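Listed in order, the protein sequences are those of chains P and Z.
According to the numbering used here, the first sequence is numbered sequentially starting from 1.
According to the numbering used here, the second sequence is numbered sequentially starting from 1.
Be aware that one or more of the hints could be misleading.
[Unchecked claim] Cross-link-like lysine to any residue pairs, in silico, SDA-like; alpha carbons within 25 Å at most: (1) Z:Lys195 <-> Z:Thr239; (2) Z:Lys195 <-> P:Leu86; (3) P:Lys49 <-> Z:Ser11; (4) Z:Lys195 <-> P:Cys115; (5) P:Lys49 <-> P:Val20; (6) P:Lys49 <-> Z:Asp160; (7) Z:Lys195 <-> P:Arg68; (8) Z:Lys195 <-> P:Thr29; (9) P:Lys49 <-> Z:Ala19; (10) P:Lys49 <-> Z:Leu15; (11) Z:Lys195 <-> P:Gly65; (12) Z:Lys195 <-> P:Ser114.
Because the hints were derived from the structure by calculation, they are not lab data.
Keep in mind that this is a model prediction, so the values were computed, not measured.
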Amino acid sequence: MSYLLLGLALYLAPALDAAVMPHFQLAGTSPQLMLLTGLVWIAVYRGRKAYVGAALAGLVADISGTGRLGIGFGLLTGLALMMQVLGRRFPLDRPLKQFAVVSAGTAAGVLLISCLGPTPPFAEIEWPQLARWSAITGMYTAVVAWPLLAAVHRRRRHTFS
Amino acid sequence: MFERRPVRRFSGSTLAACALTALATLALANAPAPLVARLRQCQRQCVLPVQTLLASAVQAPRSPATFAESEQMARDLKAIDERRTEVTAAVEAALARLDDEQAADPSQAQRLLVPTAIEARIIGRQGRSFFAHTVDLDVGLADAVLPGAWVLNPSLPLVDQGQSSGVERGHLVLAGRRVWGQVREVGTHVSTVQKVTAAGYRDLVQLAGQSAEGPRPGARGVLEGVGEPLCRVRLVPSTEPVEAGDLVLSAGGDELLPTPLVYGRIVRAERPRGGLHWDLWMEPAATDDPDHVTVVRVSLNAARLAQREAVAPSSDDPIAEARR
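One chain only, chain P, in its complex shape:
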């Protein structure tokens, strides 16, 4: 069931990114739903499931984007592995921590895509401006992800209590 939801999200995210999100721009940025899908998956699941979902999301993000292939895949699977290794020391059991991961992950993704793409769209923009833009995008994406993360957290608490 969860993989079905992931597939649906990965199908809808590029369409929403292209058709709807430009209408919700904030300071010239809009939420990155593809990265959001992968990052929420990593924040919610553990182990093999997290890795497989992150790999799928990264692959679809790369294909639906215009930059170089492999950036989204490497970022999301790398993050899933890092969360796996740091799992005990840094458990993502609170929505606030998950918010931080989604925010930082999106900012890192946007920065990477901007810098490593074949034709960097922000080649002429200075680093501070690019960093600010990435940070705003990360925060905005995390704000959009917040209700989703809170709902998952609440559902789990009810399930285990």
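Keeping the supplied structure of chain P fixed, place chain Z upon it in accordance with the hints.
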């Protein structure tokens, strides 16, 4: 006394996943371009129906207009259309007068090089699709439709004029009297255009400030497209007077063009602390994609050549004369 702490080792599966991730990332980064293009095309075709649906849903009016409002809107639209027709006619008449005056100007007849306009039409999605199929079927070369598939850069607009019309790389492409871009790649019958806003676009420009007497020529700089809606104007000394609203005109014509062409208007002007140059951003005048464009090329003045032949008829090659 000393307790040995257990050393945490990564499990075999984690290491395997790391290796797999690194290998897969490298493989994806080095994937052949045609395969990537095909994958992206498939993905876009799959998503397109939903995307179209979402786009139409978002753009639809949130509250349906009443009948009276609809009628009012229709009347307003009609009035705007009439006004636009009047203004267009007035502008065309003024431009025709200007052209007549320039044609009658004796100094124009004495020029060796004159600009020539080539009317061109933008090739849309259907046309591109036709060309793509033609290349796929490998009949493009035989029919001389396309000299090379490299002309079909999918990210650049395509116009239906090429080498056969005298179009060359670097020629300015105008939408009306506003600069829309430059010819980037030239085929026999088609050319690609690099728009002013495209990353990598460069041209020499001159600023023109507003004054009571009309536009006053200002400093020169280099216009650069950065792939965003706004373009950057570089190398304008911070000692020059510049303000938002100044016009940006083409300066590369070097007196070849009778009137400077408009690139756009400065919308942001910042003087960096301690910087030698202004930090300027320009909004292009030609923002929409037009149906028709004009390619400006330089050619020999036929009137002057005709005068020379009338005075001393000879079999000299005009090109050779121009070179002399």
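A quick look at each hint next to the structure:
1. The hinted pair formed by Z:Lys195 and Z:Thr239 fails the criterion: a straight-line CA distance of about 30 Å is larger than 25 Å.
2. Distance hint between Z:Lys195 and P:Leu86 is unfulfilled; the C-alpha atoms sit about 48 Å from each other, more than 25 Å.
3. Restraint check: the Cα-Cα separation between P:Lys49 and Z:Ser11 comes to about 17 Å, which is no more than 25 Å; the hinted pair holds.
4. Note on Z:Lys195 and P:Cys115: the hinted pairing holds, with a Cα-Cα distance of about 22 Å set against a maximum of 25 Å.
5. Proximity of P:Lys49 to P:Val20 is assessed by CA-CA distance (about 29 Å); at most 25 Å being required, the pair is judged violated.
6. Only pairs whose Cα atoms come within 25 Å are accepted, and P:Lys49 paired with Z:Asp160 is rejected, the gap being roughly 52 Å.
7. The suggested pairing of Z:Lys195 with P:Arg68 holds, with an alpha-carbon distance near 23 Å, which does not exceed 25 Å.
8. Taking the CA atoms of Z:Lys195 and P:Thr29, the gap is about 23 Å. The hint holds against a cut of 25 Å.
9. Note on P:Lys49 and Z:Ala19: the hinted pairing holds, with a Cα-Cα distance of about 18 Å set against a maximum of 25 Å.
10. The suggested pairing of P:Lys49 with Z:Leu15 holds, with an alpha-carbon distance near 16 Å, which does not exceed 25 Å.
11. Under the criterion of a C-alpha separation no larger than 25 Å, the hint pairing Z:Lys195 with P:Gly65 is consistent with the structure, at around 22 Å.
12. A hinted pair counts as satisfied when its Cα atoms are at most 25 Å apart, and Z:Lys195 with P:Ser114 qualifies at roughly 21 Å.
Checked against the numbered hints above, the structure breaks hints 1, 2, 5, 6 and satisfies the rest.
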